[in-house]
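Protein sequences, first through last, are from chains E and Y. Just so you know, my numbering puts 1006 at position 12 of the first sequence, and the rest follows in order with no gaps. Just so you know, my numbering puts 1037 at position 43 of the second sequence, and the rest follows in order with no gaps.
There's no promise every hint is true.
A pair holds if it fits inside one copy or across any two, identical chains being indistinguishable in the list.
What the hints assert, rightly or not - Using 16 Å as the maximum straight-line C-alpha spacing, the simulated EDC-like pairs for lysine to aspartate or glutamate come out as follows: (1) K1077 - E1058; (2) K1307 - D1323; (3) K1156 - D1186; (4) K1251 - E1204; (5) K1200 - D1101; (6) K1332 - E1295; (7) K1096 - E1228; (8) K1336 - E1295; (9) K1279 - E1295; (10) K1332 - E1149; (11) K1173 - D1266; (12) K1332 - D1315.
Source of the hints: derived by calculation from the structure; they are not laboratory data.
Number of protein chains: 2
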Amino acid sequence: MNYNTYCVIMAGGIGNRFWPVSNHRCPKQFLDILHSGKSFIRQTYERISQIFPDNHIFIVTGKEYEEITQKQLPEIPVENILKEPYVRNTATCIAYAAYKIKDINPDAIMVIIPSDHFICNDYAYLQNLQEGMHFVSIHGGLLTIGITPTRAETEYGYIQVKSKDNSQKISAVKTFTEKPSAEIAQMFYDSDEFLWNAGIFIWCVKDIIEEFKTHMYDLHVLFTTASKLNTPAEPLFIQSVYGQCHNISIDVGIMEKSQHVYVLKGNFGWSDVGTWHAFHALCEKDEHNNVSNSGKVILNESNNCIVNTPPRKNVVIQGIDNLIIAEKDNYLMICNRKDEEKIKRFEKLFRKKQ
Amino acid sequence: MNYNTYCVIMAGGIGNRFWPVSNHRCPKQFLDILHSGKSFIRQTYERISQIFPDNHIFIVTGKEYEEITQKQLPEIPVENILKEPYVRNTATCIAYAAYKIKDINPDAIMVIIPSDHFICNDYAYLQNLQEGMHFVSIHGGLLTIGITPTRAETEYGYIQVKSKDNSQKISAVKTFTEKPSAEIAQMFYDSDEFLWNAGIFIWCVKDIIEEFKTHMYDLHVLFTTASKLNTPAEPLFIQSVYGQCHNISIDVGIMEKSQHVYVLKGNFGWSDVGTWHAFHALCEKDEHNNVSNSGKVILNESNNCIVNTPPRKNVVIQGIDNLIIAEKDNYLMICNRKDEEKIKRFEKLFRKKQ
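Build out the structure end to end from the sequences listed, making use of the hints.
This is the structure in structure tokens:
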């Protein structure tokens, strides 16, 4: 155990892609949509708590999710739950954690992980994190974890490695690319130079702060001017800082600009479970490629459907292909799978209507 | 008011075509699926009570629907609710009413009507019934009401008139045809000789009993041997009779065989509302030909759908064509409109599964 290592779990998602199963009251990270018996965030915590002590684990989440976070992760000290007053994307979220942790331990090494991803092999995952921490503690720089693509996925970001030497586990990064078109995704997949961006970051806290100073100086000023981090005035201070921050991802704000970016090839089996499509890919299917979460669902002459309904609901689906059928509480959504990207707008549409 | 006229409302439907909105606990005739403010049977009663006194109105329904019938039609004397122990189709149902009414009044004229049809023009309907009663009181015979087809419908039975003289309101019948194929329906529609069979019958009770004696002698024997009709032992007697009856419609058992069948051309605007398709035809549609029963349903880029969900349920439907979406209690059905005929099997499928 290295006493300088810290883990930050990003849990700021608002759950709109899996609406109505996931929603603003209980976003995906707090749910068990894969029916593993534990929510995503609980699984994430149990996984990383094997190598981080509880008081070195921080959660960054929306202010409104403090209670559910405490309830699902009672082991985490309450002061380690960083509450965001507004949704401000990953650059702000990571800056908050970085400046706070630097204040506690200037020699800290930070691992930043999403709260709602699926990891197949925990052991390989933890080994990769440790290799990454070891690397940055010696070489410095910003390390991200890349996943060898298994298909020409258009829903993920891609990382291009500088070296074509595939035997190297860690290499410098040439480019970052946001979600590509199908054609470009195919080129990436065929080229052997691209990895999926898993949204996992490892660095020394002093190095990321140098990068903020260089590439996002406004943000650096906001977090360091009359800082009240780690004092009783922290919530008010954060309220003010977040009010002035822009909505920028760490990829766009730092990773794409920095000269010291590395990628470690992860080999733990990964999915961001970011869409119903990804969910479908992970789940057990019937002989007609349907995924259903409940034994009370009867699918007749139907193919490629995704059904997620309350456990006691009796459902018959007849003669239908390529639908997502999701129900929770008093909401029912029936969506053509080709229109999946529109789901994230539905919750708002309803709030407006009511 | 003719003191010999009686009306029999057939309310034996088991509600499987509109499952789960209609079901064995509360079949279609007791529901208000058209949102008129009143159930079908209540509307039927209020319509015919303009020309029949309450004690001359009989309801034939399943034993299990006695309570709901009394609740929806409190004006009807309880002894006028004829309870069928088993589902035995219209020949048995009509025989039960006919032998019972003959016992009360051998000179009775009977009008037999379904409980769950849509009638557009009540005044014209009642006029047609009265014309029909007048006709049979003079000419005898079995009179049915036919509707001039407005399309080549394959879901209705057809009646072919003997005379091609379209000016006659009542004419002898040449043939009865059950639901035809699309091709034959088109020929019928084009020929001008065919009317839709609306399932409405008018005759003197003594004439229909003569016909039972001739064409369904077994049934005649069952109802006349040691009859306990209109006595306290009627339920036991009926239990025994129904136990021995076959499942035959009045069309097959009598109308197709009798030599004394007439048809009166109805002009009141009619639908049997027998399918979701017929329901769709009757209801107001949005600009994409969707029918929805609730303001809480949002239909995006969807066409030709039928939605019938609980009034407070929030529903989003995205990118979908030609579906029937129906929810009630703990049951949800999503069915391709081309598979509508399979709906009637779903309730049983579930009872088996549970």
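Unsatisfied constraints (hint numbers, rising)
Per hint list: zero violations.
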